[in-house]
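One line per chain: the protein sequences are V and P, in this order.
Position in the first sequence (first residue = 1) + 2 = the numbering used here.
Position in the second sequence (first residue = 1) + 2 = the numbering used here.
Among the hints, erroneous ones may be present.
As the list claims (entries may be wrong) - Coverage of chain P stretches by chain V, computed from C-beta distances (three or more under 8 Å per stretch; other residues unrestricted): (1) 12 to 19; (2) 31 to 41; (3) 56 to 65; (4) 224 to 236.
Keep in mind that the hints were calculated from the coordinates and are not lab data.
From the three backbone atoms N, C-alpha and C, an ideal C-beta is built for every residue, glycine too.
Number of protein chains: 2
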Amino acid sequence: MEVVLPDGSIWHGLRTLFKDNMGYALRHLFAGAEGTLGIITAASFRLFPKPAGVVAMVAAVPSIDAACTLYARLRTVLGPELVACEMFTRPCLDAVVRHVPSARDPFAAPHPVYVLIEVASFEDDAHARSRGLGAMAALMADAIITDAVISENNAQFRALWGLREHISEAQGAGRPVIKHDIALPLSKIAEFSSKCEETLSWQFPQCRVENFGHLGDGNLHFNIVPCPLIPHEAFHELTGSVNMLVHDMVTSFSGSISAEHGLGVLRRDEAARYMPSAQLNLLKAIKTAIDPAGRMNPGKLLANQSGLS
Amino acid sequence: MEVVLPDGSIWHGLRTLFKDNMGYALRHLFAGAEGTLGIITAASFRLFPKPAGVVAMVAAVPSIDAACTLYARLRTVLGPELVACEMFTRPCLDAVVRHVPSARDPFAAPHPVYVLIEVASFEDDAHARSRGLGAMAALMADAIITDAVISENNAQFRALWGLREHISEAQGAGRPVIKHDIALPLSKIAEFSSKCEETLSWQFPQCRVENFGHLGDGNLHFNIVPCPLIPHEAFHELTGSVNMLVHDMVTSFSGSISAEHGLGVLRRDEAARYMPSAQLNLLKAIKTAIDPAGRMNPGKLLANQSGLS
């Protein structure tokens with residue numbers, strides 16, 4: 003990376019080395035710092051060769067627990083040939099089918115949970131397909147999945163991915179969404195999801211969970227939409243209470259309230275509340291050391307130091 | 003990670019999340035800090051499933067340039083099935099064969115450079131072998147490699163790996179070694195190696211290069227041994243001058259003088275000299291912020307602050 007620092011000097015860290023142990027890992031410090039330590043003005047990327055063949059599959063499963071079992075099994079059987087594993091629940095698919103004219107439910111019957119899988123091969127498409135089908139057949143024989151479809155060409159590959167990629171847009175079409183970007187240990191995703199949805203249904207019966215996310219990364223977008231006929235203003239007013247219920251439970255399951263979106267201003271004060279004090283003190287010490295005048299993206303990630311002291 | 007901090011507080015960062023963006027990436031800061039920011043008392047690791055089959059190959063190539071071409075081609079053809087790519091030059095193999103009773107040169111004729119490759123498959127050993135052989139046949143047809151051997155069983159797999167793993171021990175048997183742990187951009191490994199060896203042969207004719215390393219990581223152990231009949235004391239006295247020649251040239255090729263071993267005390271002052279001042283200032287600011295009294299592993303990685311000011 004090349005980073006312009008708060009004092010106007012420039013860190014020239016663009017050299018393209020895979021291993022470098024000359025001091026602290028500065029590039030990891032600046033990446034994800036949300037501009038609060040300096041401005042990243044250039045970056046070097048390592049490129050990876052493109053696989054020779056890919057295939058997409060959607061598996062229908064009876065529960066999030068089954069989806070997690072499916073993922074664990076695929077990792078073992080496919081290793082690095084498994085390049086994506088995304089999950090979405092039935093209400094998410096409903097929203098996409100309703101909102102996107104070209105989207106079609108790939109199954110005749112509805113299912114509670116779907117998993118989108120991409121398999122890559124450095125041999126060819128046929129090898130990717132054969133590996134994917136083999137893994138799915140074993141999972142169906144063991145009753146982990148109920149049904150599955152596989153892409154036979156690029157148009158079908160795009161169509162299956164489209165079911166996942168259009169969720170955010172479809173979910174927010176014509177209604178408000180209380181969004182969450184949470185990470186959990188893989189072993190706790192199923193238990194968290196069912197416990198949190200049940201608690202929400204008791205405390206906020208006017209809300210409904212539309213849960214989807216990057217299952218392979220342990221990252222859920224555990225989003226909340228209003229039930230039909232609930233006025234949007236009344237729903238909006240629940241935001242703080244719903245966030246607190248969800249994020250309290252995430253924390254009790256050793257999870258993170260920001261998996262990939264960062265803290266910004268929206269999650270800044272919540273994060274400070276959930277973080278152990280030793281961790282918050284470290285963040286403040288690093289911020290003060292590198293940007294003592296608080297010039298860089300003030301108020302993001304950490305409250306302004308005067309406000310914190 | 004769990005880290006005991008200089009003020010006696012503990013950072014509890016053991017949660018097992020793949021994605022977590024609640025503030026700065028602390029675990030990357032403590033990893034590789036050589037204990038200068040705190041003491042790591044526990045760590046969580048992500049485990050990966052074991053491949054179903056593996057095979058080791060050693061390819062003989064005419065030059066380091068050919069070894070780099072070989073690596074680039076294998077990455078493209080094998081993708082993540084290529085799990086190791088190590089290089090060693092002829093003098094390293096000579097040392098191993100001389101020093102290790104069970105070690106045997108796998109080829110009838112000597113070659114300038116060897117590359118050890120491991121191929122992994124999530125199908126079985128036969129698939130790993132077929133993928134490895136296919137890649138090697140294409141490389142031989144294109145005259146990139148001169149000869150190659152492949153392991154047919156676990157004993158041969160271990161024997162081929164042993165040729166690489168015994169180099170350090172064999173190299174240092176009965177003679178001093180001036181060691182380097184350098185990283186270079188992959189595209190500059192061949193040019194650096196020949197230019198540095200040539201310059202050394204002019205300036206220090208009593209020295210000989212024994213070059214080997216983790217080619218896939220761009221990490222060379224560009225080590226120097228005395229020519230026969232050179233007294234060890236006279237060789238020892240060259241250490242500082244040889245280090246400076248090698249590390250000056252590494253820096254001019256945008257490389258690092260510490261790829262994986264860290265700085266400690268041995269490379270600390272050299273590193274401070276080669277580092278851009280903005281980078282050195284960042285390291286000092288982070289050290290001072292987290293360990294203001296200089297309690298943690300004093301004098302390692304960075305000179306004591308009093309000595310620096």
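Each hint, compared with the structure:
| no. | hint | verdict |
| --- | --- | --- |
| 1 | 12 to 19 | holds (count 7) |
| 2 | 31 to 41 | holds (count 5) |
| 3 | 56 to 65 | violated (count 0) |
| 4 | 224 to 236 | violated (count 0) |
When held up to the earlier numbered hints, the structure conflicts with 3 and 4 and fits the remainder.
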